[in-house]
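What follows is each chain in one-letter form.
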Amino acid sequence: MKPVSLRPNSLRLRLFAASATSIIIALVIAGFVISSLFASHIESSLKSNLSNQFDRLIAQIDPEIDIPTLKAPLADPRFQVPYGDIYWQITNVKTNARSRSRSMWDQEFNLEDKTLFDRKLNIANIIDPEGTLAIAFIQRLQFEKKDGSFRELDIILAEDLNNFYKATKEFRFDLLRALAILAVALSLAAWVQITLGLAPLSKIKQDISAIRTGSKNRMNDNHPPEVMPLINEVNELLDTQDKSISFARTRASNLAHGLKTALTVLNSEIENIRKSGNQQSAEIIAQNTNDMSAIIDHQLRLSRLKTRSKADHFATPLLKNLNRVVNTLKKTPRGAEIGWHIDISGKIEVNLDEPDLLELIGIIIENATQWANSNIYINANTAQKHINLIIEDDGKGLSEKQLNLLGKRGLRLDSKGSGTGIGISIANEIVIMNSGELNFAKSSKGGLRVLIQIPI
Amino acid sequence: MRALIIENDKKIGASISTALELAGFLTVLEKDGEEGWFLGSSEPFDVIILDLGLPTLDGLTILKRWRKENCITPVLILTARGNWDERVEGIDSGADDYLVKPYRSEELVARVRSLVRRSTGNAAPNIVVNDIVLDTRQMRVSRDGQPIPLTPQEYRLVSYLMHNNNRVVDQMELTEHLYSQDFERDSNSIEVLVGRTRRKLGKNSIKTRRGFGYIMEDEND
Chain A
731 MKPVSLRPNS LRLRLFAASA TSIIIALVIA GFVISSLFAS HIESSLKSNL SNQFDRLIAQ
791 IDPEIDIPTL KAPLADPRFQ VPYGDIYWQI TNVKTNARSR SRSMWDQEFN LEDKTLFDRK
851 LNIANIIDPE GTLAIAFIQR LQFEKKDGSF RELDIILAED LNNFYKATKE FRFDLLRALA
911 ILAVALSLAA WVQITLGLAP LSKIKQDISA IRTGSKNRMN DNHPPEVMPL INEVNELLDT
971 QDKSISFART RASNLAHGLK TALTVLNSEI ENIRKSGNQQ SAEIIAQNTN DMSAIIDHQL
1031 RLSRLKTRSK ADHFATPLLK NLNRVVNTLK KTPRGAEIGW HIDISGKIEV NLDEPDLLEL
1091 IGIIIENATQ WANSNIYINA NTAQKHINLI IEDDGKGLSE KQLNLLGKRG LRLDSKGSGT
1151 GIGISIANEI VIMNSGELNF AKSSKGGLRV LIQIPI
Chain B
8 MRALIIENDK KIGASISTAL ELAGFLTVLE KDGEEGWFLG SSEPFDVIIL DLGLPTLDGL
68 TILKRWRKEN CITPVLILTA RGNWDERVEG IDSGADDYLV KPYRSEELVA RVRSLVRRST
128 GNAAPNIVVN DIVLDTRQMR VSRDGQPIPL TPQEYRLVSY LMHNNNRVVD QMELTEHLYS
188 QDFERDSNSI EVLVGRTRRK LGKNSIKTRR GFGYIMEDEN D
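Chains A and B, in that order, give the protein sequences.
Heads up: the first sequence runs through residues 731 to 1186, numbered per my numbering.
Heads up: the second sequence runs through residues 8 to 228, numbered per my numbering.
These are computed hints drawn from the structure, not numbers from a lab.
Watch out, some of these pointers could steer you wrong.
Using 25 Å as the maximum straight-line C-alpha spacing, the simulated DMTMM-like pairs for lysine to aspartate or glutamate come out as follows [said to hold, decoys possible]:
no.	chain 1	residue 1	chain 2	residue 2
1	A	Lys-824	A	Asp-792
2	A	Lys-1060	B	Asp-39
3	A	Lys-1131	A	Asp-1021
4	A	Lys-1077	B	Asp-99
5	B	Lys-71	B	Asp-39
6	A	Lys-946	B	Asp-92
7	A	Lys-1077	B	Glu-96
8	B	Lys-18	A	Glu-1013
Predicted model, so just to flag it, every value in this text is computed and none were measured.
Take these sequences, add in the hints, and give me the full structure.
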C-alpha cells in the first residue's frame, strides 16, 4: 500500500479533520445529554421511592401517644441498620418528644431552617447522621386523635445521596469509555469512507498519467457518475487540444508542402535562367531558395519534436534504429560510396522517443556522410546513466573556431537558421529536450568526432 | 529507359518529366495515386519517381502494394517533409532512394541515373563493354576514347543494351523501353535502329541472336 499524503492542503486530511471534529462534537453533546438524562432518571426514581416510604411512614404513625410511635416497623431493613443510609425522625411539636429510626443511631436531625416545617411537603438537601448530603422529605402534619383533639408532628424522611452520586459517577465513567470507543470506531469508519470515496481520484490520476505519457488519448468512461462531468470536460478539452495540435500541424505541413512545391518549381526555373546565361541572377535566386527551404525545414521539424516530462520513459533500441538510418543512407549515391564501420555490441536501449532518436542520429550521420572522405566509424559504450554514441568521419574536419561554435552547450541557432546549421540545431534541440549532450571534437580519423550522450 | 513519374503537382511533374527526357528517358506522368499504382504494376518501367504526398492514395501505400506484388522496379520517393522517421519508413517500405523537396533537377537526374545503374548491377557512372564506354552523366558514348555522335533514340538503345549488358534483350522489351505507348509498333523500326547504331559503333558491338534478340556482351567474360 502506498503511503498516504497528509499535507496541510490534502483533501483526505481536510475531509478526515471535518469528520473527526463532527464525530467528537456529536459524541460530547450526546454524552452530556445521556448523562443528564441518567442523573435525572435516578433522581426521580429516588424521589419516587422516598415518596412511597414517606407515605408508609405517615400511615404507621400512632397519634394517640405523646411520644411519636409507629404502629409497626417499616419494611425497608435499612431503617434497622445503624447509618443504613435511610432515616426517619418524628417530633411532637407541642412536647418536643422525638422518635427516630434505628438507622440514625445516636444522632438527630436538628434543622435550623424552621420554614421547612409547614403543612406542605418540602424536599431539601440536609446533612445526614453520617455527615454526608442527603435528600429529605419534610412536612408538619396534624393528626386527629380519638378525643377529637389534634396532634402536630414534624416528620423527616431522608436518604443518603452518596449512592446516587456514586451511581451517576460510575455511569459517566462507563459512558465516557463507551463514547471514546465509539469515537475511535466512527473515525476509522470515516477514514475508510474517505479512502473509498477518494479512490476514483487515483484512477483519474492513472488515466491522466497515461495520457501524459502518450499511452492513452482519452480518459476512461468507467469512473463514478459523480466525477463523470469532470471526466467528460477533460476529454472534451483533450479532444479540442488534439484537434488544435493536429490542425496546427496539418496547416504547418500544408504550408511547408505548398512552399516547398513552389521552391521546387523555382529551382527548375533557376536551371533555365542559368542556361540563358544569367549566372549571377541564378545564383542569387538559388541562394535564397536554399535559405527559404532551410527555414521551412527547421520550423517543420521543430513542430514535430515531442515535448516530454520527467515521467515519460522510453526504451528504444539503439542498434536497430542506427541500422535503419545507415541502410537509408546506403541507398543514396553518397552513402553507397562510404565504408561503414559499426562497432556496437549487446542490447542497448535509450530513453528517447523513437522518431526523436531517428532524427538525432539521422542528422549527425547524414552530416558525416556529407563530409566523410570514404569512411564513417560508429561505436557506443554504456556509462552509468547514459550511453556514449560516437560518430567519426575521415573527412577534413572543422577548424577550432567552428568546433567551439558547434560544441557550445545549449546552443540554439537563431530562429532564422541557415544552410547546414539547421540539422545541428535540430539535433541540439533534441538532446536538450531529453537531458542529453552533444559534443564535437577533432577525430583521430581526420574528420569530425561527434559524441552524443543519451540517457538510458 | 522508361520512367514513371507519379506527382500530383502539375508544374513539378512537368519539370521532372522535362529534366528526365533531356537526360534520355522516356517518361510517363501520372497525377492520380490509384492510376499510378496500376501503371507501375502493369507496365515495364526502368525507374519510378513517386511523390509521397498524393491526395487519393498516398505514396507509401502504393510502394508497399508494389513490393507486396513483387514489383522490383527501383523507386525514388519525393517528400516535402525531411524528417528522418519518414525517410526511414520510406526505405523500410521498399524505396530505393529518397529526395527531399525542393531539389535541384541535376540532383534528381543524377539520383535516377544512379538508381537505374545500380538496379542493373552497374555501380560506376561509366559503363564499359569491351572498348565502348557509356558515360551516363554526360550522356556520351565513346569508343577508344573517341566520342561517337548518336541521335537520342540511338543513345537510348545503346544505354539500354549497355545497362543490361551480357543479357539478350528481345525486340518487344526494346520497343517497350525505347518508345512511348502511343508509338505504332513496327517490327522493322527496331531492326533499322539497331542496324544504324551498329554501323556507328562497330560491326560486332551489338550482336544479333536470331529468334531471341540483341546483346552487347563483354568478350573478356
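Structure-based check of each hint:
Taking the CA atoms of Lys-824 of chain A and Asp-792 of chain A, the gap is near 16 Å; set against the 25 Å cutoff, the hint holds. Under the criterion of a C-alpha separation no larger than 25 Å, the hint pairing Lys-1060 of chain A with Asp-39 of chain B is inconsistent with the structure, at around 30 Å. Restraint check for Lys-1131 of chain A and Asp-1021 of chain A: the C-alpha separation of about 23 Å stays at or below 25 Å, so the hint holds. The suggested pairing of Lys-1077 of chain A with Asp-99 of chain B holds, with an alpha-carbon distance near 21 Å, which does not exceed 25 Å.
In summary, the hint linking Lys-71 of chain B to Asp-39 of chain B is supported, as the alpha carbons are separated by about 17 Å, within the 25 Å threshold. Pair hint Lys-946 of chain A plus Asp-92 of chain B holds up; C-alpha atoms about 22 Å apart against a cutoff of 25 Å. A hinted pair counts as satisfied when its Cα atoms are at most 25 Å apart, and Lys-1077 of chain A with Glu-96 of chain B qualifies at roughly 22 Å. Among the hinted pairs, Lys-18 of chain B with Glu-1013 of chain A is consistent with the structure: their alpha-carbon atoms are about 22 Å apart, no more than 25 Å.
Figure legend: structure checked against the earlier numbered hints; the only hint not met is number 2.
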